[in-house]
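Enquirer: Residue numbers (full-length UniProt numbering): 1 to 388.
It is possible that part of the hints are untrue.
As a list, the in silico DSS-like pairs of lysine-lysine whose alpha-carbon atoms are at most 30 Å apart [stated by the list, open to error]:
(1) K354 x K308
(2) K318 x K82
(3) K72 x K105
(4) K72 x K318
(5) K72 x K82
(6) K308 x K169
(7) K318 x K80
(8) K82 x K105
(9) K105 x K354
(10) K147 x K82
(11) K354 x K318
(12) K105 x K318
(13) K354 x K296
(14) K72 x K354
Hints listed in this document are in silico derivations from the structure and should not be mistaken for laboratory results. Keep in mind that this is a model prediction, so the values were computed, not measured.
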Amino acid sequence: MKSLIRKRSGPNPGRITRALSQKNLQNVGAPMSVSKSPPRTFLLETPVQFTTGMQSQDRHLFLFTDLLLIAKARSGGNFKLKQTVKMSELWLTSGHIEDVAETNKSQETSFVLGWPTTNVVATFMTAAARDLWWGRITELVREESLKEPPDTNIQVVYHDSDTNTEYCKTIMVSSEMTASACVNLATRLLDLQGPFQLWARTSLDEAPYPLIGHERPFAIKLSNLRHTLSTEEGFDLEHCNKSGHDTCHFILRPVLKSPIKKNKSKITGLLRRSLSLNPSIFGVNLSRLDDNGLPKPVLVMLQQLFAKGPFTQGIFRKSANVRIVRELRDQIESTGDPCCLEDAPIIAVAALLKDFLRSLPDPLLTSHLFPLWMASLETANPVQTIKR
Numbered sequence: 001m002k003s004l005i006r007k008r009s010g011p012n013p014g015r016i017t018r019a020l021s022q023k024n025l026q027n028v029g030a031p032m033s034v035s036k037s038p039p040r041t042f043l044l045e046t047p048v049q050f051t052t053g054m055q056s057q058d059r060h061l062f063l064f065t066d067l068l069l070i071a072k073a074r075s076g077g078n079f080k081l082k083q084t085v086k087m088s089e090l091w092l093t094s095g096h097i098e099d100v101a102e103t104n105k106s107q108e109t110s111f112v113l114g115w116p117t118t119n120v121v122a123t124f125m126t127a128a129a130r131d132l133w134w135g136r137i138t139e140l141v142r143e144e145s146l147k148e149p150p151d152t153n154i155q156v157v158y159h160d161s162d163t164n165t166e167y168c169k170t171i172m173v174s175s176e177m178t179a180s181a182c183v184n185l186a187t188r189l190l191d192l193q194g195p196f197q198l199w200a201r202t203s204l205d206e207a208p209y210p211l212i213g214h215e216r217p218f219a220i221k222l223s224n225l226r227h228t229l230s231t232e233e234g235f236d237l238e239h240c241n242k243s244g245h246d247t248c249h250f251i252l253r254p255v256l257k258s259p260i261k262k263n264k265s266k267i268t269g270l271l272r273r274s275l276s277l278n279p280s281i282f283g284v285n286l287s288r289l290d291d292n293g294l295p296k297p298v299l300v301m302l303q304q305l306f307a308k309g310p311f312t313q314g315i316f317r318k319s320a321n322v323r324i325v326r327e328l329r330d331q332i333e334s335t336g337d338p339c340c341l342e343d344a345p346i347i348a349v350a351a352l353l354k355d356f357l358r359s360l361p362d363p364l365l366t367s368h369l370f371p372l373w374m375a376s377l378e379t380a381n382p383v384q385t386i387k388r
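Whenever a hint applies, use it, and build me the whole structure from the sequences.
Expert: As C-alpha cells, this is what we get:
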C-alpha cells in the first residue's frame, strides 16, 4: 500500500481531461440519448488497491454521477485509463472477500466491487474512505438503475448428466435481483435439490464465468446487449431488451463438494498441508511424487489443457475463481482423485497447474542444466534439440 500513500493535488477538470481519454467518456453513455441524460458531474477520486487471488494492483478511481473510471497512475500526475464502467452495471458487497482474494483483507477498509463479469477486492487507505465510497457507489447504482428498463428475461440452462437432458428456463429478473436469488428461483422451477451455482456466458467464444452470488444477472444481460448492439443504427435498449436478441446465457451447475471442512484461517490451512504426514502432490519434489512419471492429477490437468487450452483465449492470463481453485486443490490433496478436474472450468485447471508448479521445492529449470541447454542449441536436428 506504500504506492497508494502519496501526495496528490486536488482534482480539477483540466487534470482529468489531460489524464483520461475524452473519447471513452463520450462513448460510454451511448446508446442513451444525450438530451434525456443529465450533465455528467465529477464527484470523487481516490487511490485504491485491487486484489484478485494473490495478485494486487494499484489503481485510481474517478467517480462521476453515471460512470466509474478505473485508471493507473503515471508520472507527471497523469493516468492511464484501464476500465470504464457504467454505474448501473456495478455491484458491491461487504462479504465474499475470501472468495475473491487469497490474501487477508480487512473488512474495515475493503469491500468487493464488480462489473460484468469481474470481481475485485477494493482496499482503501482508511476506513473512512471505504465507508464514503461504499455509500456513494451504493446511492449512485440505485439512482442509475432506475433509468434502466424495470426488468429483463434471462435464459437459464441446466444439463442433467444422469439423463443427458438439457433444460432451459426463461426467468424474469429485476435490476436488484442477485445471482443467488436467481439460483433459488431456477431450482424451484426445475424442481432441483442441493446446492447450485449460476455461471454467466456472454458469448459462444467465451468460457462460462462462475458467479459467487452477489452479482446482478440483470446488469450482465444489459451490459452484453450494449456491447453487442450499440454499433447498430437505431439501437434502442428498451426494444432489444424485450426482443430476446442477445448472446448472453446463464448456466446452472451443481456446486463442487469438498470433503474437507473450511479451514478456520488460511495460515491453519497452510500449516496443515505442510505438516501432513502424507502429502499429496503440492509442495513435494517431483522425484518423490511418482517413480513412474507424473502423478495422475497432473496428467489430467495437462490433458484438459491440451484439449481445451487452444480454444480458450488468455487461459493462463485470466484470473480463476479463487474458491473453485481452492476446492479443487483440497479435494486432490485429500483423496488424490482427479475426477473433479473433468468438469472444472478450464481457467481454474490452468490456475491449479500454475499453483502446482509454484509449490515445487526445486524449480524445473535449474542452473545446473545450463550446459545441456547450450549444447542443445548446437544440434542440427530440431527434433533432437527438443528431446535434449
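Enquirer: So, for every hint listed, does it hold in this structure?
Expert: Here is how each hint holds up against the structure:
Simply put, K354 and K308 have alpha-carbon atoms about 16 Å apart, close enough for the 30 Å limit, and the pair holds. A C-alpha spacing of about 16 Å is found between K318 and K82, which places the hinted pair at or below 30 Å, so the restraint holds. Annotation: proposed proximity of K72 to K105 holds, straight-line Cα distance about 21 Å (limit 30 Å). About 19 Å separates the Cα atoms of K72 and K318, which keeps this hinted pair within 30 Å; it holds.
Between K72 and K82 the alpha-carbon distance is near 7 Å, which keeps this suggested pair within the 30 Å criterion. For a cut-off of 30 Å, the pair hint linking K308 to K169 stands: about 28 Å separates their Cα positions. Among the hinted pairs, K318 with K80 is consistent with the structure: their alpha-carbon atoms are about 21 Å apart, no more than 30 Å. A C-alpha spacing of about 23 Å is found between K82 and K105, which places the hinted pair at or below 30 Å, so the restraint holds.
Straight-line distance between C-alpha atoms of K105 and K354 comes to about 23 Å, which keeps the hinted pair within the 30 Å bound. Restraint check for K147 and K82: the C-alpha separation of about 26 Å stays at or below 30 Å, so the hint holds. Annotation: proposed proximity of K354 to K318 holds, straight-line Cα distance about 12 Å (limit 30 Å). Distance restraint check for K105 and K318: the Cα-Cα separation of roughly 21 Å lies within the 30 Å cut-off, and the hinted pair is therefore satisfied.
Distance restraint check for K354 and K296: the Cα-Cα separation of roughly 16 Å lies within the 30 Å cut-off, and the hinted pair is therefore satisfied. Among the hinted pairs, K72 with K354 is consistent with the structure: their alpha-carbon atoms are about 27 Å apart, no more than 30 Å.
Violated hints: none; the structure is consistent with every hint.
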